[in-house]
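The listed protein sequences correspond, in order, to chains U and G.
Sequential numbering from 1 applies to the first sequence in the working numbering.
Sequential numbering from 1 applies to the second sequence in the working numbering.
A couple of the hints might just be wrong.
The calculated BS3-like cross-link candidates involving lysine-lysine, where the alpha carbons are at most 25 Å apart (straight line), are [said to hold, decoys possible]: (1) U:98 to G:71; (2) G:70 to G:53; (3) U:2 to U:106; (4) G:53 to U:98; (5) G:57 to U:98; (6) G:71 to G:57; (7) U:2 to G:57; (8) G:53 to G:71; (9) U:42 to G:53; (10) G:57 to G:70; (11) G:18 to G:55; (12) U:106 to U:56; (13) G:13 to U:42; (14) G:55 to G:70; (15) G:55 to U:98; (16) U:98 to G:3; (17) U:67 to U:98; (18) U:98 to G:70; (19) U:70 to U:106; (20) G:57 to G:18.
Since the hints were made in silico from the structure, they are not lab data.
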Amino acid sequence: QKEVEQDPGPLSVPEGAIVSLNCTYSNSAFQYFMWYRQYSRKGPELLMYTYSSGNKEDGRFTAQVDKSSKYISLFIRDSQPSDSATYLCAGNSGGYQKVTFGTGTKLQVIP
Amino acid sequence: DVKVTQSSRYLVKRTGEKVFLECVQDMDHENMFWYRQDPGLGLRLIYFSYDVKMKEKGDIPEGYSVSREKKERFSLILESASTNQTSMYLCASSSPQRNSNQPQHFGDGTRLSIL
Chain U
1 QKEVEQDPGP LSVPEGAIVS LNCTYSNSAF QYFMWYRQYS RKGPELLMYT
51 YSSGNKEDGR FTAQVDKSSK YISLFIRDSQ PSDSATYLCA GNSGGYQKVT
101 FGTGTKLQVI P
Chain G
1 DVKVTQSSRY LVKRTGEKVF LECVQDMDHE NMFWYRQDPG LGLRLIYFSY
51 DVKMKEKGDI PEGYSVSREK KERFSLILES ASTNQTSMYL CASSSPQRNS
101 NQPQHFGDGT RLSIL
């Protein structure tokens, strides 16, 4: 079992839809969680960075962490074609511990 | 904004060649990382460094070495390139926090093909 699991997709939604991207993780020591967006032929770009359980909102993006079920989500409101990318979730336990990444979910927002 | 720059976007080399991938960051970060990214396998950590002249093996160090002579620069070396090292290579950096965590920032990657 991988430490961080993501459905690879692709997930296709119409423009303006609310998108829900999800990950599960197995390491109960994880306290820090990240979402990265990766456009084709580019490096991952940090989108959201959260600590422990709860929600964090930044514009159209909301990151949600439920440590009791080891479940992390990214919600995108009013999705745009420019949101079409692969989204990577990641977690680590802090300090000098390495970051573990999911394999990514490919999202396509159709105009 | 953090800027992590990888010297080449695309590189084609031959089997057996010694290959150097260069990465420079401009945020005075102590931590630097090299990953490779392959379809279905995600990001896998090759090597990382917490300080100048310091290096630690990641999950897949075999066939690779690294060099960190200056704080801003972290080089990945393929000692004798093989076709199974064809991949996207990503460099990242972060600032150290002993009791917490700072996220990693990535460069745009080097797509390396070994023929």
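Structure-based check of each hint:
Taking the CA atoms of residue 98 (chain U) and residue 71 (chain G), the gap is about 20 Å. The hint holds against a cut of 25 Å. Restraint check for residue 70 (chain G) and residue 53 (chain G): the C-alpha separation of about 8 Å stays at or below 25 Å, so the hint holds. A C-alpha spacing of about 18 Å is found between residue 2 (chain U) and residue 106 (chain U), which places the hinted pair at or below 25 Å, so the restraint holds. Distance restraint check for residue 53 (chain G) and residue 98 (chain U): the Cα-Cα separation of roughly 19 Å lies within the 25 Å cut-off, and the hinted pair is therefore satisfied.
For the given pair, residue 57 (chain G) sits about 11 Å from residue 98 (chain U) by alpha-carbon distance, which is consistent with the 25 Å threshold. Distance check on the hinted pair: residue 71 (chain G) and residue 57 (chain G) sit about 18 Å apart at the alpha-carbon level, within 25 Å; holds. With a CA separation close to 20 Å, the supplied pair residue 2 (chain U) and residue 57 (chain G) stays within the 25 Å bound. A distance of roughly 9 Å separates the Cα atoms of residue 53 (chain G) and residue 71 (chain G); the hinted pair therefore holds under the 25 Å criterion.
Distance restraint check for residue 42 (chain U) and residue 53 (chain G): the Cα-Cα separation of roughly 28 Å exceeds the 25 Å cut-off, and the hinted pair is therefore not satisfied. For a cut-off of 25 Å, the pair hint linking residue 57 (chain G) to residue 70 (chain G) stands: about 19 Å separates their Cα positions. Between residue 18 (chain G) and residue 55 (chain G), the direct Cα distance comes to roughly 20 Å. Compliance with the 25 Å bound is thereby established for this hinted pair. Note on residue 106 (chain U) and residue 56 (chain U): the hinted pairing holds, with a Cα-Cα distance of about 22 Å set against a maximum of 25 Å.
Proximity of residue 13 (chain G) to residue 42 (chain U) is assessed by CA-CA distance (about 21 Å); at most 25 Å being required, the pair is judged to hold. Taking the CA atoms of residue 55 (chain G) and residue 70 (chain G), the gap is near 12 Å; set against the 25 Å cutoff, the hint holds. Pair hint residue 55 (chain G) plus residue 98 (chain U) holds up; C-alpha atoms about 14 Å apart against a cutoff of 25 Å. Under the criterion of a C-alpha separation no larger than 25 Å, the hint pairing residue 98 (chain U) with residue 3 (chain G) is consistent with the structure, at around 21 Å.
Taking the CA atoms of residue 67 (chain U) and residue 98 (chain U), the gap is near 19 Å; set against the 25 Å cutoff, the hint holds. Between residue 98 (chain U) and residue 70 (chain G), the direct Cα distance comes to roughly 22 Å. Compliance with the 25 Å bound is thereby established for this hinted pair. Taking the CA atoms of residue 70 (chain U) and residue 106 (chain U), the gap is about 21 Å. The hint holds against a cut of 25 Å. A C-alpha spacing of about 19 Å is found between residue 57 (chain G) and residue 18 (chain G), which places the hinted pair at or below 25 Å, so the restraint holds.
The structure does not agree with numbered hint 9 stated previously, though it agrees with all others.
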